[in-house]
Every structure is written in structure tokens, then in C-alpha cells.
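Residue numbers (this note's numbering), protein chains in the order written: chain A, 8 to 121; chain B, 157 to 340.
Keep in mind that the hints were calculated from the coordinates and are not lab data.
If you're wondering where the values come from, they're calculated on a predicted model, not measured in any experiment.
Incorrect hints may appear among the rest.
What the hints assert, rightly or not - Mimicking SDA-like on lysine to any residue, the simulated pairs with C-alpha atoms at most 20 angstroms apart in a straight line are: (1) 77(A) <-> 294(B); (2) 105(A) <-> 282(B); (3) 92(A) <-> 207(B); (4) 77(A) <-> 280(B); (5) 92(A) <-> 204(B); (6) 325(B) <-> 96(A); (7) 330(B) <-> 90(A); (8) 76(A) <-> 283(B); (9) 77(A) <-> 283(B); (10) 78(A) <-> 282(B); (11) 205(B) <-> 58(A); (12) 105(A) <-> 273(B); (13) 36(A) <-> 296(B); (14) 275(B) <-> 96(A); (15) 223(B) <-> 259(B); (16) 105(A) <-> 281(B); (17) 268(B) <-> 104(A); (18) 92(A) <-> 211(B); (19) 223(B) <-> 33(A); (20) 291(B) <-> 70(A); (21) 77(A) <-> 286(B); (22) 77(A) <-> 277(B); (23) 92(A) <-> 309(B); (24) 36(A) <-> 298(B); (25) 105(A) <-> 283(B); (26) 325(B) <-> 90(A); (27) 36(A) <-> 282(B); (28) 275(B) <-> 104(A); (29) 268(B) <-> 96(A); (30) 76(A) <-> 277(B); (31) 77(A) <-> 40(A); (32) 105(A) <-> 275(B); (33) 92(A) <-> 286(B); (34) 36(A) <-> 288(B); (35) 76(A) <-> 286(B); (36) 105(A) <-> 284(B).
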Amino acid sequence: MEIKLRRYSSIYIVDITGDMDMYNAGNVKNVINTMIAKNIQYYIINLENVEYMDSSGIGALIYIHSELKKKDMMLRIVNVTGSVKKVIELTKLMGYFKIAQSVKDGIEQLKELI
Amino acid sequence: MTEAKEIIVDENNKLFDKKGMFHKNFVSDFRQIRYFTLLVVQKAPPEIKEINLLEQQISEIIKNAVKHGNHNDPKKHIDVWYSFSDTHARLIVQDEGQGFKYLEEWNAFNRKRNECFQKQNFEEMAEYVSFITNKSDENDSGNALFAALEYWNGGLVFNNKRNAVAVAKYFPKKRHGLEINNNI
Chain A
8 MEIKLRRYSS
18 IYIVDITGDM
28 DMYNAGNVKN
38 VINTMIAKNI
48 QYYIINLENV
58 EYMDSSGIGA
68 LIYIHSELKK
78 KDMMLRIVNV
88 TGSVKKVIEL
98 TKLMGYFKIA
108 QSVKDGIEQL
118 KELI
Chain B
157 MTEAKEIIVD
167 ENNKLFDKKG
177 MFHKNFVSDF
187 RQIRYFTLLV
197 VQKAPPEIKE
207 INLLEQQISE
217 IIKNAVKHGN
227 HNDPKKHIDV
237 WYSFSDTHAR
247 LIVQDEGQGF
257 KYLEEWNAFN
267 RKRNECFQKQ
277 NFEEMAEYVS
287 FITNKSDEND
297 SGNALFAALE
307 YWNGGLVFNN
317 KRNAVAVAKY
327 FPKKRHGLEI
337 NNNI
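With the rest of the complex left out, here is chain A (with noise of 0.2 angstroms):
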């Protein structure tokens, strides 16, 4: 799995590539609370380069969703799509979560909060 950041004015992007399973959700965890620890406000985590998520990584967006949620910090969700959407249909946690169609959009719902 591989995280990369990148920013667009104080909004930070999180690209995933690769599983979010059992043995790297974690990881992702711990990038987020980094970036917590650092007070920033803004956050898009982009699944487009995940094509295979379980119970753990759901967790971990569970996770992250209450922790920033608890803080007042804002996060949109996007490119859920295939059957990482499917998994999180099952789980019925599509309302729940924050999410948007893409980058651009979450970029364009969080604009609207700063």
C-alpha cells in the first residue's frame, strides 16, 4: 500500500494505492492522526487506486470519520466506487460516511466550509 499527499490550498488530499485490508488499514490510520497531531483542518481521502477494501478498512474509516468528526475537522470521501462501494453498501454505511463523487467535487463541498 502506498499513501501520498498532496495539497490544494488548506485542503490535503490523501491518494491510497493498493488494499485496504486487515494487514494495511492501519497504516492509514496512523497517517491521519499525523496529520491531526499537525491541526489540519481539511481532508479528501481518495479511494480511486483501491480496488479491494474489508471490514478492517472500513474500520479505519470509521475510525477517522469519528476522530475528525470529534475535532471539527471536515472530510469528504471520494471516488468510492466498484466494489469497495459495494462493501460499504452492505455494511450500510454509504449515508453515514461524507462522501463525493471526486476530487474535485470534495475539493468544491469543503471550500464551501472555510
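Given chain A's structure and the hints, the job is docking chain B onto it.
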């Protein structure tokens, strides 16, 4: 219809009939769970794999047995029976553990979770996103069985000791020349 879904205990359920199923025995090695899963799922015809959804759902059942059943104890094994066709997937996984003792609590928890979902009340649902017990550790996400119960539309059944689980999913027969859902 969806409200009635729950995990049941029924040792004599037809899902425990192992006739005609393949069998494998695996050591309780957490690092190899996805590899074991691939050994099982390679028998499935591509049309029911839904990219990797079948693989993912099987890995959750195997993970529960290795981790929560056998506590990753390398001296303990799991037994896996499986059968696939273009219209079904069946799986039975048995571990050497004490059994899923929180089954009733899980069903009650899931009922409340579904009520929140039906009302689309995601504020309240935040209380029910993860099923965590005093046996859970920080890596347990506590959400695998919610999806499993939805995915395995033919049922999710435990034996009386609750250390074996049998699941089934039935797929609609695909009509030739018509792509019903190319969006999965």
C-alpha cells in the same frame, strides 16, 4: 424483509450438509488469511466473484475463525468446506475455539443498527457502527458481520457450540447477451 435478518443457531440446518463440498484444513496463521482465501475462491466461477467481493466476504469468515475462534494459536487449525457454481457460493468454517458467545448481543445490536438505518438517522447510528466486546482489540473493526449478513442471502448459521459457521449466497442466473449490472 430486511429487519428479519439475523444470525441463527441451528446445527441441523441444511447449510451444514457437507456432501459434495471441497475441504481444506489451515493453520491459524493471521498473515496467511488472504492466501488461504485465494486457495478457496479459485474454485469459484468468475461470474459470481463480483470482482473481489466474494473473496473479501470469504476472508472475513476465515479471519473470524483464525483470530476470534483460535486466537491465532499456531497449534490450532480451521476446517473449511466450500462449493461454488454460477448460481451459488457455500462455505462452512469451523475453528477450535470456545464459540461465538456474544451472538444474541450481536443480533440485538444489529436490530438497533438497522432501525437507525431505516430512519436514515446517522447521528444515532454512530453508536452502532462497531460491535465491540471486552475481547476486542484495537485492530478489531467490529463491522464484518453486518456486511456478511447482507451478503450471504441464503443465511448465516452457527452450530450449537458456535465454533462453526455455515453461509450461502445465491446468484440470479445471468441471461446471455444482457449486462444487467455493469456498475459493480
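### Message
Would the hint linking residue 268(B) and residue 104(A) be met if the CA-CA limit is 20 angstroms?
### Response
19 angstroms, holds
### Query
Does the alpha-carbon distance linking residue 105(A) and residue 283(B) stay inside the 20 angstroms limit?
17 angstroms, holds
#### Entry: Straight-line alpha-carbon gap residue 76(A) to residue 286(B), limit 20 angstroms
Cα-Cα ~16 angstroms, so holds.
### Message
Can you confirm whether the C-alpha distance between residue 77(A) and residue 40(A) stays at or below 20 angstroms?
### Response
13 angstroms, holds
### Message
So if I understand the rule, the pair passes when the alpha-carbon distance is 20 angstroms or less; does residue 77(A) with residue 286(B) pass?
### Response
Holds, at about 17 angstroms.
### Query
Is residue 325(B) within 20 angstroms of residue 96(A), Cα to Cα?
The hint holds at about 17 angstroms.
### Query
Quick one, are residue 76(A) and residue 277(B) close enough, alpha carbons at most 20 angstroms?
Holds, at about 16 angstroms.
### Query
Given the hint that residue 92(A) pairs with residue 207(B), does the C-alpha gap stay at or below 20 angstroms?
12 angstroms, holds
### Query
If you draw a straight line from the CA of residue 268(B) to the CA of residue 96(A), is it 20 angstroms or shorter?
18 angstroms, holds
### Task
Below or equal to 20 angstroms on CA atoms is what counts here, so check residue 77(A) against residue 294(B).
18 angstroms, holds
### Message
Check whether the Cα positions of residue 92(A) and residue 211(B) lie no farther apart than 20 angstroms.
### Response
Since the Cα atoms of residue 92(A) and residue 211(B) sit roughly 15 angstroms apart, the hinted pair holds (cutoff 20 angstroms).
### Query
Given the hinted pair residue 330(B) and residue 90(A), is their alpha-carbon gap at most 20 angstroms?
19 angstroms, holds
Hint check: no violations occur; every hint is consistent with the structure.
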